[in-house]
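Single-letter residue listing:
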Amino acid sequence: MQTKNFASWPIVLVLTAISLPLAIMYASLVIDSFTNTPAGAVLPNEFTLEHWAFLVDPTITGNVWTVTFNTLIFAFTMVVVVLSVSATGGYAMSRLNLPYRRFFLAGILVMHAFPSVTLIIGVFLVLQFAGLYDTLIGVILVKAALTLPFGVWIMKGFYDAVPWEIEMAGLQDGADRFTVWRRLILPQVKPGLVALGVFAFIDGWGEFLLPRILAPTTEFQVLSVYLNNVSVPDSVDYDFNLFKSVGLFYTLPILILFIVFQNRLMNIFGGGTKG
Amino acid sequence: MTTMKRKITVAMAAALLSATAVAAQAEDYTITVWSGGTGDTSHYRVDAIEMAADLLEREAAVRGEELNITVEKQVWSGWDDFKQAVTLAAESGTAPNIIVTGHEDIGPWAQAGILRPVEDYVDFDVWPLNQLYDNLVEVSSYDGQIWGIPQDAESRPFFMSRAHLAEIGYSEDEIDALPSQIEAGEYTLYDMLEDAEAMQDAGVVEAGMAFAPRVSNGPDYWQFYQSFGGEMVDPESGQLIFDRQALTDMYQFFVDAAEMGVVPATYLGGDWDEWHRNVAAGSYGMWHGGTWHKSQWENQFELTDFFDKIAFSLIPAGNENGRANTITHPLVYLISATGTDDEAAIAAELITIASEPRINSLHAVESGHLAIGEAQASVPLYANDRWSTEATEALLPHANAIPNNADFGAYWDAMYQGLEAAWTGTSSVEDAVNMAQAQVEADLGDGIIIR
Amino acid sequence: MTDTASSSGGIRPDALVRPADPASDLEKAALKGRPKVSLLGLGMLSPAAVLLLVFFFAPVVLTTIFSFTNMTSATGISGGAYVLSPNLLRELERSGVDSDTLAALGTESVVVDQESIAAARAAGVEEDFLEEIEDDLLGVDFDSKQDFERALKDLPSHLRRTRDLKLAADHFLVSALNTRFATRAEASDAISALAPDIAPGTRDRILDASYTGWVWTTENFRRLATQPETLRLVLNTFFYVAVTLAFNVLVGLFLAITVFYLPKGTGMVFSVLWLLPRITPVVLYAIMWKWFTWDGGFVASFADLVGLPSFNYMKGSVPTAWTIVILVNGCIGASFGMILFSGALRSIPMQQLWASEVDGASRWQQVRYIILPQMRWPILFVTCYQSMSLLSSYEQIWLTTNGGPGNTTMVWALESFRTALSNYTGNLQYGQGAAMALVLVIVGLVLSIIFLRMFRFGELVEKPKIEF
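Protein chains in written order, with my numbering: chain A, 1 to 275; chain B, 1 to 451; chain C, 1 to 468.
Note that these hints are calculated values from the structure, not bench results.
From a predicted model like this one, the values you see are computed outputs, not experimental measurements.
Among the clues, some could well be false.
Below, in silico cross-link-like pairs of lysine to aspartate or glutamate (EDC-like), each with a Cα-Cα straight-line distance of 16 Å or less [to be verified]: (1) B/K309 x B/D125; (2) C/K153 x B/D123; (3) C/K145 x B/E172; (4) B/K73 x B/D40; (5) C/K290 x B/E274; (6) A/K190 x A/D160; (7) B/K309 x B/E167; (8) B/K73 x B/E50; (9) B/K73 x B/D47; (10) B/K309 x B/E172; (11) C/K145 x B/D123; (12) B/K73 x B/E91; (13) C/K153 x C/E131; (14) C/K290 x B/D271; (15) C/K153 x C/E134; (16) B/K309 x B/D123; (17) C/K153 x C/D128; (18) B/K73 x A/E219; (19) B/K309 x B/D173; (20) C/K153 x C/E115; (21) C/K290 x B/D273; (22) C/K145 x C/E108; (23) C/K153 x C/D136; (24) C/K153 x B/D125.
Throw the hints in and build the complete structure from the sequences for me.
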């Protein structure tokens, strides 16, 4: 809201002050990856692209592209699982008559708010029984399952907002319930699917704990684990700026997604998963 | 009456079949090796296995057999993740064939059935295993069996800045005499604190920088327990010992150090990188670390002229109860229970070859570790390295190891948590000792003797 | 920001402005008759149900089971074996078991007779080698296994491979020491064979002690209840959750209100900036804070520049460590509050604000008397929701201070993770860690039930309007 009664600059000033740490952190992430700073100084003194050499030279930190590809597969597959299962599950929750529906919804709400990473030993055993320990598919399933309560809940919200009249009309034309869902309802919740998809992608892209514990061998290394390894101070080529460029490289896809889908994401972050 | 070993019959038949029937046929093996706590200077821990595989293949070729070994190696820079990965992988039957870890893991992992005793696969009577130091083989044993082959040895000495000692009035000769004074128990930890304080008072080191112990948990802290007369294990019964007095004195020492201002109360949990940089820059007066740190300081942190700048010794005694000491914490090659007996036999041959003096010296010299066997003194690379030989002579004869005991981890956790609590001032020294005691009593019950 | 927040998914901010009211009419209607179950619904739900069952429900059940065991990395998870080891025999002797029996169990002897040679032959040991053994070693006494193996190596046609030789030697060895018996019966037979006169009670006692696997116990909970460390952890956790929550709510509220008053473009810049921590991968986010606060980082350099003490702010002192732990987590959570509150702000009728301005109300008066009263429910919601997720989150603390300096910023969830899965000594106590995780699960469940009652759960689960 804007009115002419009040000046806005004091607010901007206060906001800037409290946002300063974040602003500096993110600004230096970008600036430092392109510059060199002499020891002890706060400001950089020269522009350089040398910190980005890791993109073409696998001897610096290993082949970053394989890892990126792994991460992409990981995040993308997870999105597909989350979207398909949430789209069907959410519809069933929203519109169809099920036994123990109330109980199930309450359960989902509880899980939604309760990140189960504390139960990781149990998850490990389940994966091991299923023969999926130390496999990419195992981590994907776990990650997708952990995102599901949120996904189902969000999709239910979107389905709830679709007017019943659309469904009624479809049924009166003789279509069955499944066709109605596929042909009429699904297009109505497309914004929700897009937002959930982007959200799940961002979530999967950043995941660290699960791949590290449940798939510890390098074959399936994802970017988060890779970045964490690169940032171990105990290596010869320990170099602040290199990590910043690896870090920036890692975040870039997410930043782009975020900028493109900003408005839709704002809705979904409101129902977010963690504090 | 015959043997009761249940493992044999099937494996036996299979082993004999493969060994005798098909000499001409190619044999393919994939051997995985995982190593924890391994950085850039210690890559030979796993690379030695590759070299060994190459040698073994050639030996087979000379005999007219075709043997192909693919070595898959993976290293972890830390210990937490590594141990977690090994235990979980073992649980799911996908543990690596060869595990490189600290010897203290033998106890719990042997109990859990993760390991095969290496003595069932290799012959300690023949080269190169017959030249290994007996005490290191002892350290690789647990409960009556030899479980592993020592991979490296080290020691955790006390370091002193020669420049800063000189600045508070020590002459060159006095500095040179310090190590033997320390060994004789004439220069104690409290003398050290006084000198550290003097350095700060003289302004040669910054406040809180005069004494810089290890920044995180490690076997090093047991050295201070020993400095105050503590014993970790009863040599006769093999039971762990919780020495209240020694632990109290040891906690008190760090509390005193913090109160004198030579080390911050919030020191533990600090950053390794920062510590290395400070050491290399000469910002500390007294510190203790590992023999292998020297190579890190030189390779990564641009330390030069080590011997001119730094004196080293045993960890001084703390009081009249204790003694000057140092702990060696050898890593060992272990054979996991995963895979077939044949794979285990190949893995065992690989770690045997990797223990050849020449191969092991590559690791020892590059990473600043000490020899595992007598013959390494005749390997020029090792013999000509001043640090390796001096550290071997000055430190190794006095070194002991932490005990191999399945319960020791729990004791260690309790000891360190108590140390953290006392050092940071979260609880008094007495409370911290009581807390640690309550914890070991709860965890180990009769398994530990409280003194 | 768009105004679709109210109609789309998640928690509808506008719905939170009003307090809970009793179950809706629809729900009451639904209680009257039991409508037909939708098979399509079951089908569409089943993938979600299966995944949740497998990856949420099963781990909770397993955690509950584990918490009543003494499972560690030494006992293994999947069960143990029965092993008579020298240490065990010594331990038994200390606890008063008859030493003759133990000596019998501890014997290790080499018997080269026709029987053992026949056994070796049956197992496929080479004939030439066996003949040499029969000729040279039959009936010979050996002090130890090693001596016997050395004697074998002296035979002309001994097996070339060390492993084969040892396997052959095993046939002549009579010993139960260090053998892993898979079942209790096998171990029992072995004990009876070596010590035939053993009393059944003593045998059972030895068998119990020789088991390497885990056993049932309630010790984990007793320990949690009695150790002073527990109280400190609870206080730490409470402090962490309370202060971070306060940060989240206050900063979220402040951001929402100020952005609300700012021109759209300027406001956007700030809301995007505050959303960044939420989308940044956690590893990078944690490392950015390290860069920012560690020795030689921005804060330290800046402090040096203006003459303040320069040190590692993240780990150098307890107050700064806590401040940073709270900021790290708070900055992630603040955006959550910001978005929810912004949604609620937009649902305030503009006329009220305009009218108040005409009356000459100051900004502060507007906020105090018009906006804040309407924020009660969103604030309560954010508090409830965040308190649960803060309670069980540990990734950020783990990657930044990791509970340090010392143990001062350790919280319950991180300690449970550390105990069960991640510590330096490799002493992974699955049972104890599971017990700690279970406590969190129970606290989480209780809190959720309370929160669900507060937030009109009945209305969220409206009955379907078409029954097919």
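Consistency of the hints with the structure:
Under the criterion of a C-alpha separation no larger than 16 Å, the hint pairing B/K309 with B/D125 is inconsistent with the structure, at around 43 Å. The straight-line distance between the Cα atoms of C/K153 and B/D123 is roughly 11 Å, inside the 16 Å bound, and the hint therefore holds. Proximity of C/K145 to B/E172 is assessed by CA-CA distance (about 56 Å); at most 16 Å being required, the pair is judged violated. A distance of roughly 14 Å separates the Cα atoms of B/K73 and B/D40; the hinted pair therefore holds under the 16 Å criterion.
Simply put, C/K290 and B/E274 have alpha-carbon atoms about 12 Å apart, close enough for the 16 Å limit, and the pair holds. About 13 Å separates the Cα atoms of A/K190 and A/D160, which keeps this hinted pair within 16 Å; it holds. Taking the CA atoms of B/K309 and B/E167, the gap is near 13 Å; set against the 16 Å cutoff, the hint holds. Annotation: proposed proximity of B/K73 to B/E50 holds, straight-line Cα distance about 9 Å (limit 16 Å).
Of the pairs offered as hints, the one joining B/K73 and B/D47 holds, with about 8 Å between alpha carbons and a cut-off of 16 Å not exceeded. At roughly 11 Å between alpha-carbon atoms, B/K309 and B/E172 fall within 16 Å of each other, so this suggested pair holds. With a C-alpha separation of about 12 Å, the suggested pairing of C/K145 with B/D123 holds against the 16 Å cut-off. For the hint pairing B/K73 with B/E91, the CA-to-CA distance comes to about 20 Å; that exceeds 16 Å, so the pair is violated.
For the hint linking C/K153 to C/E131, the alpha-carbon distance of about 14 Å falls within 16 Å, and the restraint holds. Proposed proximity of C/K290 and B/D271 is supported: the alpha carbons are some 10 Å apart, at most 16 Å. For the suggested pair C/K153 and C/E134, the alpha carbons sit about 14 Å apart, so the restraint of at most 16 Å is met. A threshold of 16 Å between alpha carbons decides the hint, and for B/K309 with B/D123 the separation of about 44 Å lies outside it, so the pair is violated.
Straight-line distance between C-alpha atoms of C/K153 and C/D128 comes to about 14 Å, which keeps the hinted pair within the 16 Å bound. Distance check on the hinted pair: B/K73 and A/E219 sit about 11 Å apart at the alpha-carbon level, within 16 Å; holds. Of the pairs offered as hints, the one joining B/K309 and B/D173 holds, with about 14 Å between alpha carbons and a cut-off of 16 Å not exceeded. Between C/K153 and C/E115 the CA atoms are separated by roughly 21 Å; this puts the pair beyond 16 Å, and the hint is violated.
Pair hint C/K290 plus B/D273 holds up; C-alpha atoms about 12 Å apart against a cutoff of 16 Å. For the hint linking C/K145 to C/E108, the alpha-carbon distance of about 8 Å falls within 16 Å, and the restraint holds. For the proposed pair C/K153 and C/D136, the alpha carbon gap of about 12 Å is at most 16 Å, so the pair holds. Restraint check: the Cα-Cα separation between C/K153 and B/D125 comes to about 11 Å, which is no more than 16 Å; the hinted pair holds.
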